[in-house]
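Full structure from sequences and hints, please.
Order-wise, the sequence lines are chains D and U.
Sequence positions in the first sequence follow this note's numbering and run 1 to 339.
Sequence positions in the second sequence follow this note's numbering and run 340 to 678.
Some hints here could point you the wrong way.
To be verified - Below, simulated BS3-like cross-link-like pairs (lysine-lysine); rule was C-alpha separation at most 25 Å, straight line:
id	chain 1	residue 1	chain 2	residue 2
1	D	Lys239	D	Lys27
2	U	Lys590	U	Lys346
3	D	Lys73	U	Lys346
4	U	Lys366	U	Lys578
5	D	Lys70	D	Lys35
6	D	Lys273	D	Lys198
7	D	Lys251	D	Lys239
8	D	Lys27	D	Lys273
9	D	Lys251	D	Lys220
10	D	Lys251	D	Lys35
11	U	Lys409	U	Lys366
12	U	Lys374	D	Lys176
13	D	Lys7	D	Lys220
14	D	Lys7	U	Lys346
15	D	Lys273	D	Lys35
16	D	Lys177	U	Lys346
17	D	Lys7	U	Lys578
18	U	Lys412	U	Lys676
19	D	Lys27	D	Lys70
20	D	Lys70	U	Lys346
21	U	Lys516	D	Lys7
22	D	Lys73	D	Lys337
23	U	Lys676	U	Lys374
24	U	Lys374	D	Lys7
Everything labelled a hint here was simulated from the structure, so no lab data went into it.
Protein chains: 2
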Amino acid sequence: MAERLGKYTIILNSHPSVTGFAAVVGKTEGEGPLKDEFDFVFEDDTLGEASFEKAESALQKEAVTRALSKAGKTPDEVDFSLAGDLLNQCIGSSFGLRSLNMPFIGLYGACSTMALSLGLASMLVDCGAARVTVASTSSHFCSAERQFRLPLEYGGQRTPTSQRTATAAGASVVEKKQSGKPTVDAVTIGRITDLGIKDANNMGAAMAPAAANTIADFLKDTSSSPSDFDMILTGDLGKVGSRLLCELLQKDRGIDIESVHADCGLLLYDAEKQDVHAGGSGCGCGASVLNSYIMRRLESGELSRVLFVATGALMSPTSSLQGESIPSIAHAVLLSKPT
Amino acid sequence: MAERLGKYTIILNSHPSVTGFAAVVGKTEGEGPLKDEFDFVFEDDTLGEASFEKAESALQKEAVTRALSKAGKTPDEVDFSLAGDLLNQCIGSSFGLRSLNMPFIGLYGACSTMALSLGLASMLVDCGAARVTVASTSSHFCSAERQFRLPLEYGGQRTPTSQRTATAAGASVVEKKQSGKPTVDAVTIGRITDLGIKDANNMGAAMAPAAANTIADFLKDTSSSPSDFDMILTGDLGKVGSRLLCELLQKDRGIDIESVHADCGLLLYDAEKQDVHAGGSGCGCGASVLNSYIMRRLESGELSRVLFVATGALMSPTSSLQGESIPSIAHAVLLSKPT
Chain D
1 MAERLGKYTI
11 ILNSHPSVTG
21 FAAVVGKTEG
31 EGPLKDEFDF
41 VFEDDTLGEA
51 SFEKAESALQ
61 KEAVTRALSK
71 AGKTPDEVDF
81 SLAGDLLNQC
91 IGSSFGLRSL
101 NMPFIGLYGA
111 CSTMALSLGL
121 ASMLVDCGAA
131 RVTVASTSSH
141 FCSAERQFRL
151 PLEYGGQRTP
161 TSQRTATAAG
171 ASVVEKKQSG
181 KPTVDAVTIG
191 RITDLGIKDA
201 NNMGAAMAPA
211 AANTIADFLK
221 DTSSSPSDFD
231 MILTGDLGKV
241 GSRLLCELLQ
251 KDRGIDIESV
261 HADCGLLLYD
271 AEKQDVHAGG
281 SGCGCGASVL
291 NSYIMRRLES
301 GELSRVLFVA
311 TGALMSPTSS
321 LQGESIPSIA
331 HAVLLSKPT
Chain U
340 MAERLGKYTI
350 ILNSHPSVTG
360 FAAVVGKTEG
370 EGPLKDEFDF
380 VFEDDTLGEA
390 SFEKAESALQ
400 KEAVTRALSK
410 AGKTPDEVDF
420 SLAGDLLNQC
430 IGSSFGLRSL
440 NMPFIGLYGA
450 CSTMALSLGL
460 ASMLVDCGAA
470 RVTVASTSSH
480 FCSAERQFRL
490 PLEYGGQRTP
500 TSQRTATAAG
510 ASVVEKKQSG
520 KPTVDAVTIG
530 RITDLGIKDA
540 NNMGAAMAPA
550 AANTIADFLK
560 DTSSSPSDFD
570 MILTGDLGKV
580 GSRLLCELLQ
590 KDRGIDIESV
600 HADCGLLLYD
610 AEKQDVHAGG
620 SGCGCGASVL
630 NSYIMRRLES
640 GELSRVLFVA
650 TGALMSPTSS
660 LQGESIPSIA
670 HAVLLSKPT
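The following block contains the structure:
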């Protein structure tokens with residue numbers, strides 16, 4: 001039975017386990033510092049498909065199929081698939097997963113989707129509504145560029161604050177607690193936060209206040225402090241957003257997370273060598289780092305407690321053209337090593 | 340504690356209640372047969388906003404605010420807001436609800452969103468993860484036309500099989516069982532179904548097979564027959580899709596739902612007088628009919644048991660341009676009169 005703690009946090013007393021996880025990435029991501037952590041690196045970012053959108057769908061299907069296989073499950077055994085992505089009408093997920101015939105809960109959380117899908121999946125397993133769930137998301141540099149910014153062929157210059165949308169997908173299978181498997185212990189669903197940032201080339205700045213809110217909410221609800229975690233891992237704030245997050249928490253609330261903070265957008269690429277400006281972003285960024293490097297170290301016990309806080313910018317090109325600011329959100333999921 | 344019944348259905352043993360509901364619509368919808376059922380009819384479809392997208396956001400906020408007020412709740416008391424819509428990146432929901440500061444679970448289910456949000460909200464209340472939830476969605480004829488089809492200014496002709504996207508929003512507040520309030524008793528999350536229909540002007544045909552699957556799953560899981568319900572209410576299949584649904588269930592599975600079947604897309608407009616071709620569609624169509632006409636009659640006891648099955652077409656203009664067929668989905672929620 002789920003139990004609410006404080007105003008925003010849900011404690012999962014049954015400690016559902018991540019029984020399988022997988023991350024698959026594109027060529028550039030496979031040349032970064034985490035290259036040996038992924039389940040598969042596609043040397044051709046089209047995956048042999050006729051469009052970038054179809055490639056993204058194939059990428060997400062690959063991550064889900066591999067995660068299920070590692071958990072020893074077939075799609076037919078899945079009670080709920082929870083997924084979403086950045087593409088208009090979330091076609092990365094719906095087209096990617098349509099052939100698997102799993103009951104499908106479509107989500108939209110922009111780049112926060114991995115935490116949203118994993119958190120919800122864990123709540124539904126905890127309460128007995130599901131036995132086997134799979135949470136997934138994806139993003140693709142080429143489909144995102146042409147949808148959110150400019151066609152690649154235009155060769156536009158990017159600002160130093162911009163981030164590279166990762167060509168990557170990740171999936172976690174969540175079931176009842178199993179020995180030897182990392183557990184999901186708590187979830188905080190974030191609130192939409194909008195401090196009026198309008199620069200769509202500086203998503204990190206737009207999302208940092210949402211991350212600050214959710215982290216502060218979680219720490220308050222659970223009466224914990226940053227030193228209680230091996231890592232507070234944000235999804236894709238990048239260089240600019242990560243600095244802002246630490247500042248916001250320090251100045252506004254006296255919370256110092258600097259020594260335990262890491263960001264998937266900074267872990268995925270070598271920012272110096274790979275020309276990715278302020279770091280990585282996209283749903284697949286957090287999803288692929290979490291479902292490789294992080295989950296492996298939780299499973300081995302090298303990491304004990306990780307607070308995964310994926311952040312999302314909830315704007316669209318239309319809202320930006322209409323002069324709107326960028327509402328953001330961050331969801332937190334507490335993961336622990338096997339007990 | 341949620342209990343799984345059969346392969347796809349979740350029984351909510353605590354019978355969460357819909358403690359408040361509201362539906363607000365545009366001018367055309369306010370001239371239809373349900374005109375006296377809605378909480379408010381906006382005579383000006385712009386709602387005084389500078390764009391159709393902002394008008395849709397304002398519409399959804401209005402529905403949520405009114406539903407909460409009717410439940411005697413403030414946004415601050417809401418544990419989860421669950422919402423989504425048809426606009427790219429679901430900006431109808433995120434911009435509409437950003438000022439209310441509620442923990443936000445973003446969904447994407449296209450026109451199935453009202454059943455998805457209501458079903459998930461009820462599961463989360465049933466299991467104790469939330470005390471107060473609000474499920475909502477919206478659509479707007481003008482924002483949908485220009486995003487999915489053509490700018491209104493073009494004056495394109497519509498095919499006889501096409502449906503009119505409703506300018507409408509609906510919201511349900513779900514809490515623990517309360518006397519005098521309709522209850523949510525069971526939920527079936529649908530599977531993505533794709534029989535290869537490619538005509539984006541015939542959504543009813545694309546969505547009917549998904550509805551047939553979910554209805555058949557629900558009836559099988561619960562060992563019930565159509566006569567056990569006052570109404571099996573689909574979201575927005577319209578004239579063409581409704582006929583197909585009845586045929587599919589009859590021919591493929593020997594299930595005759597004709598005498599209890601109704602469709603929100605056929606209830607919302609007077610198809611003869613209002614020039615809406617095959618009927619209404621859009622997330623707001625099912626949401627506004629459910630959260631007015633239907634909920635009122637459940638609350639009064641005039642209706643005893645309604646199986647609400649909202650359907651969604653999970654395509655995008657991009658996927659259609661790339662030659663893809665239209666994957667669809669349908670989620671079912673069983674509603675009962677107060678006990």
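- [ ] Go through the numbered hints given earlier and state which of them the structure violates, listing their numbers in rising order.
- [x] Structure breaks hints 6, 10, 12, 14, 17 and 24.
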